[in-house]
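Trainee: Top to bottom, those sequences are chains A and B. If you read the first sequence in our numbering, its first letter stands for residue 1, the second for the next number, and so on. If you read the second sequence in our numbering, its first letter stands for residue 562, the second for the next number, and so on.
Note that these hints are calculated values from the structure, not bench results. By construction, the Cβ of each residue, glycine as well, lies at the ideal position given by its N, Cα and C atoms. Be aware that a few hints might be false.
To spell it out: a stretch of chain B is covered by chain A in this simulated footprint if at least three of its residues, at any positions, have a beta carbon under 8 Å from a beta carbon of chain A; those stretches are [stated by the list, open to error]:
(1) 582-595
(2) 674-680
To give a feel for the contact side, a few chain B residues facing chain A, derived at Cβ under 10 Å [unchecked claim]:
(3) 625
(4) 627
(5) 629
(6) 630
(7) 651
(8) 716
(9) 745
(10) 749
(11) 750
(12) 793
What follows is a set of in silico ranges between Cβ atoms, one per label pair, in the way DEER data are often shown [unchecked claim]:
(13) A:409 <-> B:608: 54 to 64 Å
(14) A:370 <-> B:630: 22 to 32 Å
(15) B:608 <-> A:269: 47 to 57 Å
(16) B:737 <-> A:412: 41 to 51 Å
(17) B:719 <-> A:344: 32 to 42 Å
(18) A:269 <-> B:779: 47 to 57 Å
(19) A:385 <-> B:608: 45 to 55 Å
(20) A:294 <-> B:708: 55 to 65 Å
(21) A:355 <-> B:698: 36 to 46 Å
(22) A:10 <-> B:789: 21 to 31 Å
(23) B:630 <-> A:366: 49 to 59 Å
(24) B:779 <-> A:385: 20 to 30 Å
(25) A:355 <-> B:595: 27 to 37 Å
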Amino acid sequence: MSTRAAESPRSRLQHELLQVVTMPWRIASYAWVRSLLARVVIGTLVLCAVVTTLVGWMLMRQVADGLVDDKRDQSVAQAQAGFVDAQQQLDASVVTDATSQSQVLTQLLTGLASRRGSPPGYELVLVGPLALDIADEGEPGVQRSGEFSSDSIPGDLSVTVEAQPGTWWAYATLSYDDGRSEPAVVVGSRLRLISTGEAYTLYYLFPMNDQQETLSLVRRALISAGLGLTVLVAAVAWLVSRQVVTPVRLARRIAERLAAGRLEERMHVRGQDDIARLGQSFNQMASSLQRQIRQLEELSRVQRRFASDVSHELRTPLTTVRMAADVLHDGRQRFDPATARSAELLQVELDRFESLLTDLLEISRFDAGAAQLSVETVDLVEVASRVTETYRGLAERHDVRLEVVADQRPTLVEADVRRIERIVRNLVANAITYSRSPAVRIQVAGSADAVALVVRDWGVGLRSGESSLVFNRFWRADPARVRSSGGTGLGLAIALEDAALHGGWLQAWGDPGAGAQFRLTLPRHSGAELTSSPLPLVPGDAPSSTDGVRHPRVDAGAVGS
Amino acid sequence: MEAEPAPAYAAANGRVLVVDDDAALAEMLAIVLRNEGFEPFVCNSGDQALASFHAHRPDVVLLDLMLPGMDGIDVCKAIRAESGVPIVMLTAKNDTVDVVVGLESGADDYVIKPFKPKELVARIRARVRKLGDEAPELLSIADLTIDVAGHSVKRDGEPIPLTPLEFDLLLCLARKPWQVFTREVLLEQVWGYRHAADTRLVNVHVQRLRSKIERDPEHPDVVVTVRGVGYKAGSA
Numbered sequence: 001m002s003t004r005a006a007e008s009p010r011s012r013l014q015h016e017l018l019q020v021v022t023m024p025w026r027i028a029s030y031a032w033v034r035s036l037l038a039r040v041v042i043g044t045l046v047l048c049a050v051v052t053t054l055v056g057w058m059l060m061r062q063v064a065d066g067l068v069d070d071k072r073d074q075s076v077a078q079a080q081a082g083f084v085d086a087q088q089q090l091d092a093s094v095v096t097d098a099t100s101q102s103q104v105l106t107q108l109l110t111g112l113a114s115r116r117g118s119p120p121g122y123e124l125v126l127v128g129p130l131a132l133d134i135a136d137e138g139e140p141g142v143q144r145s146g147e148f149s150s151d152s153i154p155g156d157l158s159v160t161v162e163a164q165p166g167t168w169w170a171y172a173t174l175s176y177d178d179g180r181s182e183p184a185v186v187v188g189s190r191l192r193l194i195s196t197g198e199a200y201t202l203y204y205l206f207p208m209n210d211q212q213e214t215l216s217l218v219r220r221a222l223i224s225a226g227l228g229l230t231v232l233v234a235a236v237a238w239l240v241s242r243q244v245v246t247p248v249r250l251a252r253r254i255a256e257r258l259a260a261g262r263l264e265e266r267m268h269v270r271g272q273d274d275i276a277r278l279g280q281s282f283n284q285m286a287s288s289l290q291r292q293i294r295q296l297e298e299l300s301r302v303q304r305r306f307a308s309d310v311s312h313e314l315r316t317p318l319t320t321v322r323m324a325a326d327v328l329h330d331g332r333q334r335f336d337p338a339t340a341r342s343a344e345l346l347q348v349e350l351d352r353f354e355s356l357l358t359d360l361l362e363i364s365r366f367d368a369g370a371a372q373l374s375v376e377t378v379d380l381v382e383v384a385s386r387v388t389e390t391y392r393g394l395a396e397r398h399d400v401r402l403e404v405v406a407d408q409r410p411t412l413v414e415a416d417v418r419r420i421e422r423i424v425r426n427l428v429a430n431a432i433t434y435s436r437s438p439a440v441r442i443q444v445a446g447s448a449d450a451v452a453l454v455v456r457d458w459g460v461g462l463r464s465g466e467s468s469l470v471f472n473r474f475w476r477a478d479p480a481r482v483r484s485s486g487g488t489g490l491g492l493a494i495a496l497e498d499a500a501l502h503g504g505w506l507q508a509w510g511d512p513g514a515g516a517q518f519r520l521t522l523p524r525h526s527g528a529e530l531t532s533s534p535l536p537l538v539p540g541d542a543p544s545s546t547d548g549v550r551h552p553r554v555d556a557g558a559v560g561s
Numbered sequence: 562m563e564a565e566p567a568p569a570y571a572a573a574n575g576r577v578l579v580v581d582d583d584a585a586l587a588e589m590l591a592i593v594l595r596n597e598g599f600e601p602f603v604c605n606s607g608d609q610a611l612a613s614f615h616a617h618r619p620d621v622v623l624l625d626l627m628l629p630g631m632d633g634i635d636v637c638k639a640i641r642a643e644s645g646v647p648i649v650m651l652t653a654k655n656d657t658v659d660v661v662v663g664l665e666s667g668a669d670d671y672v673i674k675p676f677k678p679k680e681l682v683a684r685i686r687a688r689v690r691k692l693g694d695e696a697p698e699l700l701s702i703a704d705l706t707i708d709v710a711g712h713s714v715k716r717d718g719e720p721i722p723l724t725p726l727e728f729d730l731l732l733c734l735a736r737k738p739w740q741v742f743t744r745e746v747l748l749e750q751v752w753g754y755r756h757a758a759d760t761r762l763v764n765v766h767v768q769r770l771r772s773k774i775e776r777d778p779e780h781p782d783v784v785v786t787v788r789g790v791g792y793k794a795g796s797a
């Protein structure tokens, strides 16, 4: 327990730390993805940094090499002069005993050291006399011109110098006794004291701190120049790409406004360059779009107008005919049987003509996009019971038991009550009239964001594939009994359009012999997106592997949203 | 000759002015109305509608919404400006805007072509049925006094002119001040619809009524809206 408790804040801290550390990266990657400007600037910045680093590095290399080579050559030349001089001095000196030998050597070193100037340009080390044979184990004496470690002379250089005549050099680190150290060129040569035949080695140590200072100066200059250049180039890139990106962004904004329906929006065009030409083409496209949309709007307006005009022009004479037929129908007892029957037929067919006309006009209104919702809060349970009341008589005539299954509390939904009631009336009337079912059940249920109404019958059902065909215009289940059962054949098509207008679903399920079920699902709030329905499309008592189960997509395709 | 008027030969149930440019329809309407015991008058153009109205003093006006010359909406406004006579619009359109414009210009009710004659007659009957058979009765609703027999509404002794329909609507609410009326119930009781019909009728007329009787129509206290249900009479 305790270890877990101790671990958890730690891992959280790690997580938070990770978040903080990766934040700039995430911001940069977001900007990279979203902004062309950021991409250009960041890209330029990175590339420029890489290039300046490379160039700077090469420059540094060349400068350093040049400085060091120069110093080395100079040092070697100076040292060689010194070696010659020292050899001459040694040749001229007369050594009789050990004391005079050491005097000579000290004099030699002091003499050489006194030429160094102030501050001293180099240090001197005199080693010797060297043992002539291996057997002599005595350490050779070492004399130095300053306070530094004689270890500063690299071992392999001293070996070379001792073994071979000539001038040799090597790079080394000059370590002073006070702890300082600096890079240096060490030049060495072997000297010979003729009188004793002893060999000595003399080393010149040239410190390179001047060169080092120059180098670090150059490095500082290069770094600041590189940084400045990088920033400058990034700024230039920003300025240049802004020139391109700003019009592009402007175009994007205008395009968004165009898409939002503000068709009169245009880009400002200045000059003759590519951007200006882009603007011109953009504006031409916008004008052409605007013209076509206006044409379509005009067309749709004309069509709506036509539907409305046809409606008026047809309805007035139909009203007259209808009333005349009614008068004839009322007085048919006074006619002879043939005329009386004609009056009856006239009456019945006028009803059909009228409902067909109404449905056709309704469909044409949907097609013209002229259908409008007048949304209010509707209780679906109330709609269901109202429709049930309306069709009580019809149900009794068809010997169908009609029942409503719903919660006691109201199932409220924002919808156009006229359209919703029309859908439900249609579903219920179809179930009563066509299903030959002993009973029709209307079920209403609601969830947090959707309501559903299901009309179930246990009649002839739908054959495979018919569950989406039922919504087609003028589709009839059985071509053989085409006209006998009446109806316009447009009811379900209109119902589907009505449902789609609400952003709702109207779906069918059916199985031969097991009956059919129609489900209307509506979003609780007008304009909301539907994701699920509170009631299943396939009833629980349905036989398995039926049409609706095997092809759920087919049914969804009938939603027509 | 007592109460029950037999349709064919009884005295007129009421005088109906039919304003419609379609001669055949107007004549057919006249035939049907006469059969039902009304006394119809026909006028074929909007321009003559007002003169015809003055000449015949009808109990109900049947008005086509689309007329040559002066159109139905203007005729409706003109009649309403000088009389509270019930006006039933005949319209071929079922679009919300047309119906609402018609109702707002003063029509009491509307019938969509093609209509069944019986439906039309029911609408007309509902509008003329309450003529002069009320028992003397005084009601009050909020700070208004309603004289049922005298068909008048007064606030502080000042009479407020209402059309018969508006009077019926107010009376319906005032008679049962404890009850909330749904729009459907009001449609049945005031307009005489047997089945649920267009609730826009109720909305429009409640607005018109409020504009006449409320001190502040924005914050009504005579006809109060009960959200999600309907309307009720405001408490005194």
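Trainee: Does the interface hint hold: is residue 745 (chain B) within less than 10 Å of chain A, judged Cβ to Cβ?
Mentor: 8 Å, holds
Trainee: Has the segment 582-595 of chain B got at least three residues whose CB is nearer than 8 Å to a CB belonging to chain A?
Mentor: n = 7 at 8 Å, threshold three: holds.
Trainee: If I claimed the Cβ atoms of residue 737 (chain B) and residue 412 (chain A) lie 41 to 51 Å apart, would that claim hold in this structure?
Mentor: 26 Å, violated
Trainee: CB of residue 779 (chain B) to CB of residue 385 (chain A), is that within 20 to 30 Å?
Mentor: For residue 779 (chain B) and residue 385 (chain A) the Cβ distance comes to about 35 Å; the hint is violated.
Trainee: Can the suggested window of 36 to 46 Å be confirmed for the beta-carbon pair residue 355 (chain A) and residue 698 (chain B)?
Mentor: Holds, at about 45 Å.
Trainee: Does residue 651 (chain B) hold up as a contact with chain A if the rule is Cβ-Cβ below 10 Å?
Mentor: 8 Å, holds
Trainee: Per the hint of 47 to 57 Å, is the separation of the Cβ atoms of residue 269 (chain A) and residue 779 (chain B) within bounds?
Mentor: Given a distance of about 51 Å, which is inside 47 to 57 Å, the answer is holds.
Trainee: Holds or violated: 47 to 57 Å for the Cβ distance of residue 608 (chain B) and residue 269 (chain A)?
Mentor: At roughly 56 Å between Cβ atoms, residue 269 (chain A) and residue 608 (chain B) fall inside 47 to 57 Å, so the hint holds.
Trainee: Do residue 719 (chain B) and residue 344 (chain A) keep their Cβ atoms within the hinted range of 32 to 42 Å?
Mentor: This hint is violated: roughly 58 Å between Cβ atoms.
Trainee: Measuring from beta carbon to beta carbon, are residue 10 (chain A) and residue 789 (chain B) in 21 to 31 Å?
Mentor: The hint (21 to 31 Å, Cβ to Cβ) is violated, given that residue 10 (chain A) and residue 789 (chain B) are roughly 56 Å apart.
Trainee: Count the residues of the segment 674-680 of chain B whose CB lies closer than 8 Å to any CB of chain A, then report whether that count reaches three.
Mentor: holds (count 6)
Trainee: Hey, does the residue 750 (chain B) contact hint survive, CB to chain A under 10 Å?
Mentor: 17 Å, violated
Hint check: violations occur at hints 5, 6, 8, 10, 11, 12, 16, 17, 22, 23, 24; the rest are consistent with the structure.
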